[in-house]
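Chains A and B, in that order, are what the protein sequence lines are.
When we follow our numbering, the leftmost residue of the first sequence carries the number 1, and every step to the right adds one.
When we follow our numbering, the leftmost residue of the second sequence carries the number 1, and every step to the right adds one.
Honestly, I wouldn't trust all of these hints.
[As the list claims (entries may be wrong)] Below, in silico cross-link-like pairs of lysine-lysine (BS3-like), each with a Cα-Cα straight-line distance of 30 Å or less: (1) Lys-93/B with Lys-60/A; (2) Lys-60/A with Lys-92/B; (3) Lys-3/B with Lys-60/A; (4) Lys-3/B with Lys-92/B.
[Claimed, not checked] So the derived label-pair ranges between C-beta atoms look like this: (5) Leu-70/B with Arg-62/A: 33 to 41 Å; (6) Val-74/B with Ser-89/A: 24 to 32 Å; (7) Met-116/B with Leu-70/A: 35 to 43 Å.
These are calculated hints, taken from the structure and not from any lab test.
As the structure is a prediction and not an experimental result, all values here were calculated from the model.
Even glycine gets a Cβ: it sits at the ideal position worked out from N, Cα and C.
What follows is each chain in one-letter form.
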Amino acid sequence: MTAAIAGLVCGVLSGLGIGGGTLLMVWMTAVAGLAQRQAQGINLLYFLPTALFALMFHAKNRLLRWRIILPAVLVGCLTAALAAWLATSIDTGLLRKLFGGFLLLVGARELFYRDKKAK
Amino acid sequence: MRKWGAWIAGALAGAVNGLFGAGGGMLLVPLLTRLTDAEEKEAFACSVCIILPLSLVSLLVYYLQGGEFLSQSVPYLIGGAIGGIGAGVLLKKIKAKWLHRALGVFILWGGVRLLMT
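Produce the entire structure from the sequences given, and follow the hints as far as they go.
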């Protein structure tokens with residue numbers, strides 16, 4: 001049950017594009033005690049329905065820019081496949097540390113974001 | 001440079017998504033706003049849209065390489081689906097600034113947590 005609630009909260013965040021999946025990852029590994037790679041698989045799977053539902057609204061609200069999305073997806077699928085293969089080969093402890101470090105970098109950047117149009 | 005913005009953003013997001021199973025979208029939002037002409041909220045929405053197929057690809061690779069996680073996923077899938085609907089309703093209404101701040105807080109917390117375990 002708590003898993004479903006965690007999924008719901010993170011689902012809202014994911015649909016908004018603000019890192020719900022990442023939060024869920026941390027919850028699954030640090031709180032629910034799941035193994036790193038298993039959590040990664042669940043995370044990817046959970047995102048599918050979450051994103052689909054959210055996207056129906058985003059499309060209706062005309063927030064999707066297909067000229068940006070399509071090339072990004074084309075290239076992204078290639079790099080994703082390569083990286084995913086790499087992930088299944090490297091040491092899981094190292095993977096966790098790398099992920100943690102990555103999060104710190106991106107997080108600090110976003111937290112100190114300032115409005116582009118300063119008032 | 002602007003022309004290649006979407007390609008670069010997509011490539012990097014794919015790499016992160018494949019490697020970590022998460023985080024590609026968070027990289028995408030700042031990349032899209034800086035490298036393309038997407039507006040704030042568009043960047044968040046496009047990020048969700050781009051990550052969807054990438055996640056499918058990464059998932060397939062994990063699964064083919066012997067990953068076992070399907071049975072554990074069910075509660076997350078259900079919760080996530082409902083949450084996704086909530087997000088769809090909310091995105092139009094929230095200020096972009098708060099989206100960024102929330103993103104930053106969650107990511108930082110995540111990073112600290114992971115590095116500490």
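- prompt: Does the Cβ distance between Leu-70/B and Arg-62/A fall inside 33 to 41 Å?
  reply: 35 Å, holds
- prompt: Would the pair Lys-3/B and Lys-92/B pass a check requiring their Cα atoms to be no farther apart than 30 Å?
  reply: Holds: Lys-3/B and Lys-92/B sit about 27 Å apart, inside 30 Å.
Distance restraint evaluation - Met-116/B, Leu-70/A, Cβ atoms, bounds 35 to 43 Å: 40 Å, holds
Distance restraint between Lys-60/A and Lys-92/B, which requires alpha-carbon spacing of 30 Å or less: Within the cut-off at roughly 10 Å; holds.
query: Given the hinted pair Lys-3/B and Lys-60/A, is their alpha-carbon gap at most 30 Å?
result: Given pair Lys-3/B, Lys-60/A holds - Cα atoms ~26 Å apart, limit 30 Å.
query: Going straight from one Cα to the other, do Lys-93/B and Lys-60/A come out at no more than 30 Å?
result: Holds - the C-alpha atoms of Lys-60/A and Lys-93/B are around 14 Å apart, at most 30 Å.
- request: Given the hint of 24 to 32 Å, check if Val-74/B and Ser-89/A actually sit that far apart at their C-beta atoms.
  value: 28 Å, holds
No hint from the list above goes unmet by this structure.
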